[in-house]
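There are 4 protein chains.
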Amino acid sequence: MSTAAVSGADSGTGFDEMDVEQDYARIRQQTESLCEPLAIEDFCIQTTPEVSPTKWHLAHVSWFFEAMLLEPYLKGYQSYHPRYAYLFNSYYDTIGSMHPRPRRGHLSRPTVEEIYQYRAWVDQHMAELLADSSHAERDAILMRATIGLHHEQQHQELLLTDIKHVLAANPLKPSYSNLPQPEGKAGCAEWIEFEGGLKEIGASGDSFAYDNELPRHSVYLAPYRLASRLVTNGEYLEFMDAGGYEQPEHWLADGWKTINQEKWMAPLYWQHEDGQWQYMTLAGPRPVDEYGPVCHLSYYEADAFARWAGKRLPTEWEWEAAAGDQFILGNLRETGYLHPAPADDPAVSHSGRLVQMYGDVWEWTQSPYTPYPGFRPLSGALGEYNGKFMCNQMVLRGGSCVTAEDHLRATYRNFFYPHERWQFMGMRLAEDME
Amino acid sequence: MSTAAVSGADSGTGFDEMDVEQDYARIRQQTESLCEPLAIEDFCIQTTPEVSPTKWHLAHVSWFFEAMLLEPYLKGYQSYHPRYAYLFNSYYDTIGSMHPRPRRGHLSRPTVEEIYQYRAWVDQHMAELLADSSHAERDAILMRATIGLHHEQQHQELLLTDIKHVLAANPLKPSYSNLPQPEGKAGCAEWIEFEGGLKEIGASGDSFAYDNELPRHSVYLAPYRLASRLVTNGEYLEFMDAGGYEQPEHWLADGWKTINQEKWMAPLYWQHEDGQWQYMTLAGPRPVDEYGPVCHLSYYEADAFARWAGKRLPTEWEWEAAAGDQFILGNLRETGYLHPAPADDPAVSHSGRLVQMYGDVWEWTQSPYTPYPGFRPLSGALGEYNGKFMCNQMVLRGGSCVTAEDHLRATYRNFFYPHERWQFMGMRLAEDME
Amino acid sequence: MSTAAVSGADSGTGFDEMDVEQDYARIRQQTESLCEPLAIEDFCIQTTPEVSPTKWHLAHVSWFFEAMLLEPYLKGYQSYHPRYAYLFNSYYDTIGSMHPRPRRGHLSRPTVEEIYQYRAWVDQHMAELLADSSHAERDAILMRATIGLHHEQQHQELLLTDIKHVLAANPLKPSYSNLPQPEGKAGCAEWIEFEGGLKEIGASGDSFAYDNELPRHSVYLAPYRLASRLVTNGEYLEFMDAGGYEQPEHWLADGWKTINQEKWMAPLYWQHEDGQWQYMTLAGPRPVDEYGPVCHLSYYEADAFARWAGKRLPTEWEWEAAAGDQFILGNLRETGYLHPAPADDPAVSHSGRLVQMYGDVWEWTQSPYTPYPGFRPLSGALGEYNGKFMCNQMVLRGGSCVTAEDHLRATYRNFFYPHERWQFMGMRLAEDME
Amino acid sequence: MSTAAVSGADSGTGFDEMDVEQDYARIRQQTESLCEPLAIEDFCIQTTPEVSPTKWHLAHVSWFFEAMLLEPYLKGYQSYHPRYAYLFNSYYDTIGSMHPRPRRGHLSRPTVEEIYQYRAWVDQHMAELLADSSHAERDAILMRATIGLHHEQQHQELLLTDIKHVLAANPLKPSYSNLPQPEGKAGCAEWIEFEGGLKEIGASGDSFAYDNELPRHSVYLAPYRLASRLVTNGEYLEFMDAGGYEQPEHWLADGWKTINQEKWMAPLYWQHEDGQWQYMTLAGPRPVDEYGPVCHLSYYEADAFARWAGKRLPTEWEWEAAAGDQFILGNLRETGYLHPAPADDPAVSHSGRLVQMYGDVWEWTQSPYTPYPGFRPLSGALGEYNGKFMCNQMVLRGGSCVTAEDHLRATYRNFFYPHERWQFMGMRLAEDME
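Residue numbers (numbering that gives the first Met the number 0), protein chains in the order written: chain A, 0 to 433; chain B, 0 to 433; chain C, 0 to 433; chain D, 0 to 433.
These are calculated hints, taken from the structure and not from any lab test.
Treat the hints with care, since some could be wrong.
[To be verified] Think about it this way: if two alpha-carbon atoms lie no more than 25 angstroms apart in a straight line, the pair counts; the simulated SDA-like pairs of lysine to any residue are: (1) B:Lys198 <-> A:Ile200; (2) A:Lys198 <-> B:Gln180; (3) C:Lys172 <-> B:Lys262; (4) C:Lys262 <-> B:Lys310; (5) D:Lys256 <-> C:Gly95; (6) C:Lys256 <-> D:Ala66; (7) D:Lys256 <-> C:Gln246; (8) A:Lys172 <-> D:Ala66; (9) A:Lys262 <-> C:Tyr90; (10) D:Lys310 <-> C:Asn88; (11) C:Lys184 <-> C:Lys262; (12) C:Lys198 <-> D:Tyr117; (13) D:Lys262 <-> C:Asn88; (14) D:Lys262 <-> C:Asp92; (15) C:Lys184 <-> C:Glu199; (16) B:Lys262 <-> D:Lys262; (17) B:Lys310 <-> A:Tyr85; (18) A:Lys198 <-> B:Asp431; (19) B:Lys262 <-> A:Ile200; (20) C:Lys198 <-> D:Arg100; (21) B:Lys74 <-> A:Ala380; (22) B:Lys256 <-> A:His98; (23) D:Lys256 <-> B:Thr47; (24) A:Lys172 <-> D:Tyr117; (25) A:Lys262 <-> B:Gly95; (26) C:Lys262 <-> D:Ile94; (27) C:Lys198 <-> D:Ala221; (28) B:Lys198 <-> A:Ser217; (29) B:Lys262 <-> C:Tyr244; (30) C:Lys256 <-> D:Arg100; (31) C:Lys198 <-> D:Pro222; (32) C:Lys256 <-> D:Ala84; (33) A:Lys262 <-> D:Glu237; (34) B:Lys256 <-> A:Ser217; (35) B:Lys256 <-> A:Ile200; (36) D:Lys198 <-> C:Gln277; (37) D:Lys184 <-> D:Glu237.
In this text the structure is predicted, and so the values were computed from the model without any measurement.
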């Protein structure tokens, strides 16, 4: 996952002096809380080049504060360790060279304990910097600290996404924690209509946003419909049972190539055992819940399902225009950080509302991740945060059950390669209105 | 290269009965004329998985007529050879399995002579089919024959593109044919302004177009400027000399990764020898012409150059909206099929016109190749022509010096992966108007 | 295939002045005769990195005469073409850099006709050199010419081996030429006993031998038995039918890994169609002949078969010691250059003789290819002929139906990697005598 | 590393009832002692497919006792965990499927603590089994327990070899433990002469030996000389300084290919920094000791050095015949388990003795690893211990500074692929006597 630098700096909004200090303590603590169920050994493992070890996440977000705030702004600051910039820089080429990503799991040292000490050091100096209300660069500091906290929240999600991959790769199938079984059934999906026309897309500048959400600009949309809820596991099983994975006519050329090379026959984490489908969850293996939103799909699979169903995926602008009209939180957020949420109650009609827009799964859109007209990346290394990824990736909208709540907003643009599926990714259908 | 199925069929326009018969003979003959300079050995070689042997092109386009026209419509037709469908199907999964693309160069048989016999057989039966003016499916036949001819013209371009790759891979550096040296100098690039607003994009239905150019629809554009001419080799050399290939700040993340993995330091076919840059042309190696349009660039290189220059690439809509206003042929088409054209005369101002829009090099745009709103692929196998490639590729506009003239139109959407550069690809700069 | 430099030079034996001139003309002509059945297109194809195009073989053996004889010894000689040394050097690193082996099939030029012209040029100058009976380096010239002719004969075999691979890779399954169907049945294999003790191994110096057959030296052998004939296709089918390819206990670790990665279930060129096993031959596809010697096996498969049968492969010394006792030509050489020979007549007992020692298939031995004690490679580039391959390869003994007759001798050491199977390779069983 | 199953079972020698119980406790304890300097995180890492995590070694050797002894012989025994056989089987295909070797580092669980509990469980049940002196299969039990202990000792060496790789891959360059700096200088190498003739090679059956050391048999050797000591780092630096890595004439073809692909310019763990060569040791980075034996070389490098020096590597039989004459322990064993030993004192002549035969570095021989004449692998799964690796690997003799002392014997055959160099591997020169 990647994101992009804040707009708030220019507008004087998007953060508040008091809040940043409090938020800093709160968010940094949340990160560590997420690690409480883990054994030391769990912190070290990298199962694919995309997955980072837990302890790497813990150190990287701390290095981010060092590199973006302490070194430029805290007078007399000495970096904690001369090699940590090399070890914990993720992809900021303009800052310097870095340890190769596929080898993050080759590092037994620093130990977990040493990384917690590093975090404490950074926290102590950040507290000092944030307390200096008369600093000549106060505005820049607050802006960058805000970005750093949003960055840390992104890594909270990645940390859970990655630890799920690590635990799932283990034949012993350990669980991250206990979670209640999802309950309830999905109601019938309804088609919600949206008029087209010129729509304003992108962040307004009233609150925090990454640079890739800017500038706000006009997009012309034809009239369209969105499904009121997410596609369920049960619906996806129909596609599988109908031979969807063997029929080239549903698939993009690159998708067909991918599923054949990778021998994919189901979403990630699904296994057919003893005559039934199971999937790995953060609470260990469970039978597939037919009413839960389908999750851990590649873009190729989402697109093929939509085509098979005679529908399509929405564009990111269709999604945002619809979400802007009605900010509706995922109705089952209580399952919290840990498992795709069960869907809504069957007895209740959606009554023309969109549900499950936030907090269940990220929704693939058919929009490639490109710059908005007039896009300007932040200057310096922060300009690498988002802009350089604007090629070959697809936008996802909404937010998942492991996304920090502060991260849920209508203009947020998440992005991944179309073959990736280890994130909590699913889909909602769309269609043209004729 | 790939394209997509015609719209003309629905509108009754885009072809004319008399023309199709005449065009068929003319275009089929043109293909064979392009092969005249070649030795038998040249027809057989495949230097990378993307490149096809000349003889494969010759057979594939003939199979296309067999599969799309003779077999469904010519009564009593027997296919010429039971294995040719397997050998010469390119990517139509719904028709059947096919010989793997990377092994097209493993086939010594059928021989070149046998493939010419195959072409003659197909031509004879196509003549019979096209002569039957009372055929019950006359409209579909004319529509499909028209597609088949456009398809053959695409492969005329590919044939030259691929034979250039084959000859360039040979240390003996043989030439395809003699070509005059380019003359003239590039004038100063001017910035041509375009008002924004709602623009109609896509084919109008008055003449032939592929399905991916449809439907015509509205797009909202902010005001913008385009450079009056293409970027020249001389300008690109400045980027190279300034260290552009070593500075990560100009590059997309995937581009930076690509140039480092592939060790690219210059466009394809460029070699530094005896203190000067040379490139391979269809007329053999020549010194780089500083006034000629830079060619054989990946999207990544075009994008990095633009960023280094403080500009950007145009979107495909900006390009089309501008081209629609003023249909201006590449002013140096006389160099014909064989070499990137030299640029315009330096003494002459462009006078607010765009030049080199067609017939020099395909122009990378910043637009990923996606379906237009309401896009409907043709039914059946022809639906695979364009639609299934709408992921991971970028749109190029205009047309190159090896593009058939009938193929040059403002709405034409060519598309390739961002790392590909063996086509005749270059760029024109754009910028926002503020 | 690779071989090694002659010993005859030192001993004054192994060649004869008159013979060399006559042999030169005869052997060079034989090479060209082997190409008569081919179309121009057949000369150009490389189906795997190990396979070379026919025209490359034709040019390489000519370059060998240029590099080893004409350039050092023919006064005033100018090389035919300045780039041919680069194109047609195979692996002589000390001579200079070379075109990468996997790209030999990327060269459409020089054309076949140009290569025949090159051959004629070399022949004309070789005739001049060989006719100069008073040349100061006469001995070295005759020695090197002799090596060059043996080298050319090795490539005669490779040329046929490689063209078989090229034709077999083509779904049209073209044949190289007509060949009679094999007749006769294999008699029962008998066990021939050999006393152990100290044996003299290696070439005696009385006639031509490569450097890797030298020096003659003592080896101590325990008593052993060899099967009187080669393993047949019918016997190998029993192994396949018994599940041999699915049972790890028969296989070397590297063999088990190889057959699983490559998904091998039968020898190369075997295909199961319509309920029966067929294989590709130089005369096109034929039903598997149960009495013919099994061919196109890797070392791993030969070893696994032997283990499954409760036997083992012979060492190269056991083979040579046995062959030295009784020089017996393959009894069915009349099938000539083109197809593994059918086995001997069933009615005739082998009567304690070894049969099929030469001229059917090369026989895998259990001996890794290593230097004989006291081995000295030839000096200069010819020292690269054999010595540098003495690692990771296994010795094969005997000779195949496509081996030139002059190449059949008891001390000849052929060698290939254990996973290779495109040569005409089979096996004979051995066992300990207890 | 791999080895082979004991012969002692047949002869009734090679173990002693009392010893096995005592040895069991001692050797199991030694393994755990070796882990004392490690942090929990160090136990989990796999840096290449060949390297196993420390905790995997700890568990695998315990599983070996479970699979080979407790399950077949301890009445009523239930395996400790139903998935451990899958996780900790290394390569015993006949026992069942196994976790893929390259993913041993993907397992955070079982934790280190859980593995120690597993070890304790196995120890407790082994004690029970070994205490049952009246067991009907007493002989087999003692034989297999002996193998299991030798097996554990092999993994003691591997554990140290692998943890060195893990620590060296870390940019922080942590050390395993403190070690004294080597002292002393290497004396001049002398050439020790050995008469040839028929020699008895292989284990005598008087004490424990693996099956690959059997049967004892005759080999005929020509007269030869061995260098009195190992090749030093200083001597190897001369080869490097003379351009040895750039000159193809010294290299085997596969070696030349390997060093160019891998870009090797020095032994593993060597780095040129600040104008001098350093290498990683178990005590962290140190300057290269010119008198220490060169270590962490591939076979290709050892062979190229020998060729450059005008010498060769010994055969494994030459080594064994020489060692058998004079069992001389490495004279500097006091450096213990942890670092290649410094060489002998310069002031002292070797006086016609071979030194450094054991306990410094394993010595590459020029002998491929093949079965001795009449070799019979043990029956059942133990037959996979050694025999199936007898292809593509080279024999090393002697023993290294991290080899358990009980493992040092003249007939011991260690074996690795010629490109491998992460073991403590070096060389001694040989030459023919003429």
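Going through the hints against the structure:
Taken as a hint, the lysine 198 of chain B and isoleucine 200 of chain A pair is honoured in the structure, with Cα atoms around 18 angstroms apart against an allowance of 25 angstroms. With a CA separation close to 52 angstroms, the supplied pair lysine 198 of chain A and glutamine 180 of chain B exceeds the 25 angstroms bound. Under the criterion of a C-alpha separation no larger than 25 angstroms, the hint pairing lysine 172 of chain C with lysine 262 of chain B is inconsistent with the structure, at around 40 angstroms. Taken as a hint, the lysine 262 of chain C and lysine 310 of chain B pair is broken in the structure, with Cα atoms around 52 angstroms apart against an allowance of 25 angstroms.
Our distance criterion of 25 angstroms between C-alpha atoms is met by lysine 256 of chain D and glycine 95 of chain C, whose separation comes to about 15 angstroms. A threshold of 25 angstroms between alpha carbons decides the hint, and for lysine 256 of chain C with alanine 66 of chain D the separation of about 23 angstroms falls inside it, so the pair holds. For the proposed pair lysine 256 of chain D and glutamine 246 of chain C, the alpha carbon gap of about 34 angstroms is over 25 angstroms, so the pair is violated. For the hint pairing lysine 172 of chain A with alanine 66 of chain D, the CA-to-CA distance comes to about 23 angstroms; that is within 25 angstroms, so the pair holds.
A threshold of 25 angstroms between alpha carbons decides the hint, and for lysine 262 of chain A with tyrosine 90 of chain C the separation of about 40 angstroms lies outside it, so the pair is violated. Simply put, lysine 310 of chain D and asparagine 88 of chain C have alpha-carbon atoms about 29 angstroms apart, too far for the 25 angstroms limit, and the pair is violated. With a CA separation close to 31 angstroms, the supplied pair lysine 184 of chain C and lysine 262 of chain C exceeds the 25 angstroms bound. Taking the CA atoms of lysine 198 of chain C and tyrosine 117 of chain D, the gap is near 55 angstroms; set against the 25 angstroms cutoff, the hint is violated.
With a C-alpha separation of about 24 angstroms, the suggested pair lysine 262 of chain D and asparagine 88 of chain C falls inside the 25 angstroms cut-off, and the hint holds. Proposed proximity of lysine 262 of chain D and aspartate 92 of chain C is supported: the alpha carbons are some 17 angstroms apart, at most 25 angstroms. Between lysine 184 of chain C and glutamate 199 of chain C, the direct Cα distance comes to roughly 35 angstroms. Violation of the 25 angstroms bound is thereby established for this hinted pair. Under the criterion of a C-alpha separation no larger than 25 angstroms, the hint pairing lysine 262 of chain B with lysine 262 of chain D is consistent with the structure, at around 16 angstroms.
For the hint linking lysine 310 of chain B to tyrosine 85 of chain A, the alpha-carbon distance of about 32 angstroms lies beyond 25 angstroms, and the restraint is violated. Only pairs whose Cα atoms come within 25 angstroms are accepted, and lysine 198 of chain A paired with aspartate 431 of chain B is accepted, the gap being roughly 20 angstroms. Our distance criterion of 25 angstroms between C-alpha atoms is broken by lysine 262 of chain B and isoleucine 200 of chain A, whose separation comes to about 40 angstroms. Proximity of lysine 198 of chain C to arginine 100 of chain D is assessed by CA-CA distance (about 44 angstroms); at most 25 angstroms being required, the pair is judged violated.
Restraint check: the Cα-Cα separation between lysine 74 of chain B and alanine 380 of chain A comes to about 68 angstroms, which exceeds 25 angstroms; the hinted pair is violated. For the hint linking lysine 256 of chain B to histidine 98 of chain A, the alpha-carbon distance of about 15 angstroms falls within 25 angstroms, and the restraint holds. Taking the CA atoms of lysine 256 of chain D and threonine 47 of chain B, the gap is near 23 angstroms; set against the 25 angstroms cutoff, the hint holds. Of the pairs offered as hints, the one joining lysine 172 of chain A and tyrosine 117 of chain D holds, with about 18 angstroms between alpha carbons and a cut-off of 25 angstroms not exceeded.
With a CA separation close to 20 angstroms, the supplied pair lysine 262 of chain A and glycine 95 of chain B stays within the 25 angstroms bound. For the hint linking lysine 262 of chain C to isoleucine 94 of chain D, the alpha-carbon distance of about 22 angstroms falls within 25 angstroms, and the restraint holds. Distance hint between lysine 198 of chain C and alanine 221 of chain D is fulfilled; the C-alpha atoms sit about 14 angstroms from each other, no more than 25 angstroms. Taking the CA atoms of lysine 198 of chain B and serine 217 of chain A, the gap is about 13 angstroms. The hint holds against a cut of 25 angstroms.
About 43 angstroms separates the Cα atoms of lysine 262 of chain B and tyrosine 244 of chain C, which puts this hinted pair outside 25 angstroms; it is violated. For the given pair, lysine 256 of chain C sits about 12 angstroms from arginine 100 of chain D by alpha-carbon distance, which is consistent with the 25 angstroms threshold. Between lysine 198 of chain C and proline 222 of chain D the CA atoms are separated by roughly 17 angstroms; this keeps the pair inside 25 angstroms, and the hint holds. The hinted pair formed by lysine 256 of chain C and alanine 84 of chain D meets the criterion: a straight-line CA distance of about 20 angstroms does not exceed 25 angstroms.
The suggested pairing of lysine 262 of chain A with glutamate 237 of chain D is violated, with an alpha-carbon distance near 52 angstroms, which exceeds 25 angstroms. Between the alpha carbons of lysine 256 of chain B and serine 217 of chain A the distance comes to roughly 34 angstroms, so the proposed pair goes past 25 angstroms and is violated. Between lysine 256 of chain B and isoleucine 200 of chain A the CA atoms are separated by roughly 32 angstroms; this puts the pair beyond 25 angstroms, and the hint is violated. Only pairs whose Cα atoms come within 25 angstroms are accepted, and lysine 198 of chain D paired with glutamine 277 of chain C is rejected, the gap being roughly 50 angstroms.
About 17 angstroms separates the Cα atoms of lysine 184 of chain D and glutamate 237 of chain D, which keeps this hinted pair within 25 angstroms; it holds.
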